[in-house]
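Chemist: Fit chain D to the supplied structure of chain C, relying on the hints for placement.
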Amino acid sequence: MTTHYDADVIIVGSGVIGSNMAHVLATQGKSVILLEAGVWIPRWKIVENFRTSPRKINRNDPYPSQPWAPNSYSPGYVENTGSFLFRPGMLRLVGGTTWHWGGATWRFLPNDMKLKTLYGVGRDWPISYDDLEPWYAQAEYRLGVSGADDQDQSGQHGAPYPPRSTPYPVKAEAQTYYFRRLKERIGAEGYEFLHEPHVRTNQPWDGRPACSGNNNCMPVCPIGALYSGDVHARHAEKAGCRVLTDSTVFQIEKGAKGLIEAVHCRSSKGVETRLKARTFVLACNGLEIPKLMLVSDVGNSSDLVGRNLMDHTGIGLQFIADEPLWPGRGPIQQGGIFNWRDGPFRARHAAIKHAINNAVPNQEVARILIDRGVVGSKLDHDIRHMAARWVEFSTTFEMLPYSGNRITPSTTRKDALGIPTMVVHYDTDDYIAAGAAKAKEDFVRFVKIMNGTIIDDNTGWQNRDHLMGTVIMGDDPAHSVVTHEGRCWDHPNLFIASTGVIPASGVVNPTLAALAIGLRTADIIARET
Amino acid sequence: MKRLLIATILLAACRPCTDARAADSVIARGAYVARMADCAACHMGNDGTPFGGGHVIESPLGSIVAPNITPSRQFGIGNWTEAQFARAVRRGLSPDGHLYPAMPYPAYAGLSDEDIHALYVYLKWSIVPVEHGPSVETALPFPFNLRTLMVGWNALYARGKPMKHADTASGGSKRGEYLVTVTGHCGSCHTPRNILLGEDQSRQLAGASVGGWFAPNITSDPISGIGGWSEDELVIYFRTGAVVGKSHAAGGMADAIEHGLSHLDDDDLHAIARHLKNVPPIRDANTTQPAYGVASARPAPPEPVDLGVRTPDSLTDATDTDGARLYTAACAACHQANGEGTADQFYPSLYANTATGGPNPQNLVMAIVKGVRRSTHSGFASMPSFEHELTDDQIAAVSNYVLNRFGNASLSVSASDVSAIKAGGEKPLLLRLMGRLDIAAMAGALGFGGLAGGAAILRRKERIKAQFAPSPEHLPEQGEHLTPR
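Chains C and D, in that order, are what the protein sequence lines are.
If you use UniProt numbering, the first sequence closes out at 529, no skipped numbers anywhere.
If you use UniProt numbering, the second sequence closes out at 485, no skipped numbers anywhere.
I should point out that these hints are in silico values taken from the structure, not numbers from a laboratory.
Heads up, some of the hints might be wrong.
Distance windows between CB atoms, simulated [unchecked claim]:
no., chain 1, residue 1, chain 2, residue 2, range
1, C, ARG87, D, GLY293, 29 to 39 Å
2, C, GLY76, D, ASP313, 16 to 26 Å
3, C, ARG87, D, ASP313, 41 to 51 Å
4, C, LYS171, D, PHE346, 15 to 25 Å
5, D, SER378, C, SER165, 51 to 61 Å
Rough simulated footprint, nothing fancy, chain C against chain D, three-plus residues with beta-carbon under 8 Å [to be verified]:
no., region
6, 224 to 235
7, 373 to 380
Just so it is clear, CB atoms sit at the ideal spot from N, CA and C, and this is done for glycine as well.
Chain C on its own, in the form it takes in the complex:
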């Protein structure tokens, strides 16, 4: 008897990782269905939504948030029970949350993957940097990552590091005046400035135009120079993949022998569909994946689904420098200070990344001045004066995994489709508190070097939207959810592709790592299916 399958592979979630995997698999001749809860709308519509929005700094505001596919800022969708208001910007549409991201695409360091072995804290990854390197290279070419080949990204001013098999596909853009001046003055005091690899291509790449410095990566790049996952959703579709929108998976159905049999989708009209495949991939966000698994009672023999939630929880610094630096020209972020990226100190406190924000500060400056009662021509003058001298650091910390930091399906609330919303419990710990103490010593020095006037040096903890740990990867089924292949220990035909598999957070943005892992997983699926 032959079994009817709707596809060889069904991928849940059309973000950067799901879309790229769909493209890889469809290109290799597999029949692929890519499921997306939200809609597929053109960029111009999102740009229009942004232009007509009264809430310009709300990143989710221009994006769809239908009751049947709410995004993370929809009131009540994410309920917090811990000491920290955990509220990442998560979108529900084809292309996913890479529609608005800083686009930072660092590689993790080899040492980031051996945290427990080297420093006795947190966990190790079940794979090494060398295992992942070829997939990093492929991921970078898919996204057209722009980077500097000549820098020691561990922040120790050594030879180029970590090792690369291929150069960055796009060379690094010129330094902004703002970044250069900060580097000249603060760098002279021993701080190690690095160019940040990112996906704002500065040459035509895969149909995308070059970045022209609209400085609007968040909420939306108006020209599509910044990579977003819809690029590969389109490529996947062209390669034969079926992209089904308005298809929220609400249940994963288990079959015989531990295999997953089908997924069940519900449309905005309430129409339900049962879809069968040989292999399933969950690629629908580090909070939504564990929620779906817990709702479906799938893959949780370790009791770790949804636990070990990590972000690169951070703090900020804003001050007015003693000279015009003209922030806001060029990309919204161009790099930062990396002295604390790796070292024996990680046994005692979190690694630290001091990212330098280069967003146009006029709106924030105007708000501050108006709050102070400044009006009239003085307001104009002061906006010009302060906006030219504005300096902003967005500092992030390495977080360790704790089973108590977790996402669970709500037991009291449901969305319009009758699917439970989510509850997040998240507390910070002494490890990042110790890191923050070090960071604040740096803040004092930064301000002093620039003869700065502080606007805010005590922001409290901030979200960085880097969701890790919730479907954690490991080499022991009792202590992890997926294998190094991304395969569920409990279900051999169920794979997870997400930043959520990352077991040790390092201090850099996790999307590229998750994509590299996902491409590696796609290769495994292609050979098995």
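Modeler: Below, chain D without anything else, positioned relative to chain C:
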């Protein structure tokens, strides 16, 4: 060592070369001839390998795939003698059968012996063989899949004679003419074609449609052609693809500049410009000002209709067909609200721009549909494709907005126009006639062969049999056979 070996082979195979340096110099000249003839624009491998082939040329009759012309013995020209190569390039008769005139052999017929030799040496001895054929094959509809039909056509339209090296080499008296009409094969795109798809010699360079794009009138007429361009402006255009206030190359012209023209030396670019400025002017009856002649934006229409209350549904409804709103959302980030582009014109103004002010809207629509991609040593231009971003209705609406405010306001575009342009523009009369009726199609096919053949009879009586009995055994010349590629 390798160079020496090549030189040795050249000594054996070609006219006398005395040393490796001479071989290098022939190869360098051949490389330059390849730029003059813009071989790479079509024969560039789809995987980026030089001359690996696979590029699909959208001809009026269907898709024609440019073959591998690397020295691969199995997939390229590795087994061809220089005489066979010359015959393929000049007469469209390759050892593998007849070429289609998407390969501009009617123009290349004029290549001098010296340039053919250099080109052959360059391709044969300095290019890395690509050991695979194109992944797709040429597939024209019946009867055009019968390559022997080309025999008659060639007799009519491919009759040029090689020009003399003395006249056409650098500094020669006919250098400009040679670069325009022979190597540059400008007429392949810019000269309208007659019913049998030969270039209409009475309207040389008067402008024609090519795969949806419009290759404009480049005669010396100051209104319809390039008469209003200075020689220096033309040279800047050839070198960079852009002249502020006039035109920005896209589509096939961007390719021609990227792979060919931008690599030519200044003397040659000036020779081309001088020649074009002396091409007899042809005025289009309905044009009254140059295509770049719209000097400024016209006033904006009244404020676009309010978008209304933001609701979850309104944020996802992308069906709007209001041209002004679409322009604001999709175009204005680069071309600016008033169409003036950026101060440095990296993003060009939409007025004083041939794409919007020309005699038809094809290039505007195609730029929106396909985007613009052009790269030269002086920089690049990149406009994304809106093919998947805007429906045909929306492309028509935004095109009309742009034409009304910034371009030729006498034009208007409908969704069905957009659809037709996307499909490659208006089909040639020949194809339309044939599409009407299958029987007529058969008759047309015979007529096409017959008419062309009739002409062939007059010219070369020995080809009569091949004309009416297109079977392999009647192929007249050694080495020719009918293997389609």
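Chemist: Identify every previously stated hint that the structure contradicts and give their numbers, smallest first.
Modeler: Going through the list in order, the structure violates hints 1, 3, 5 and 6 and respects the others.
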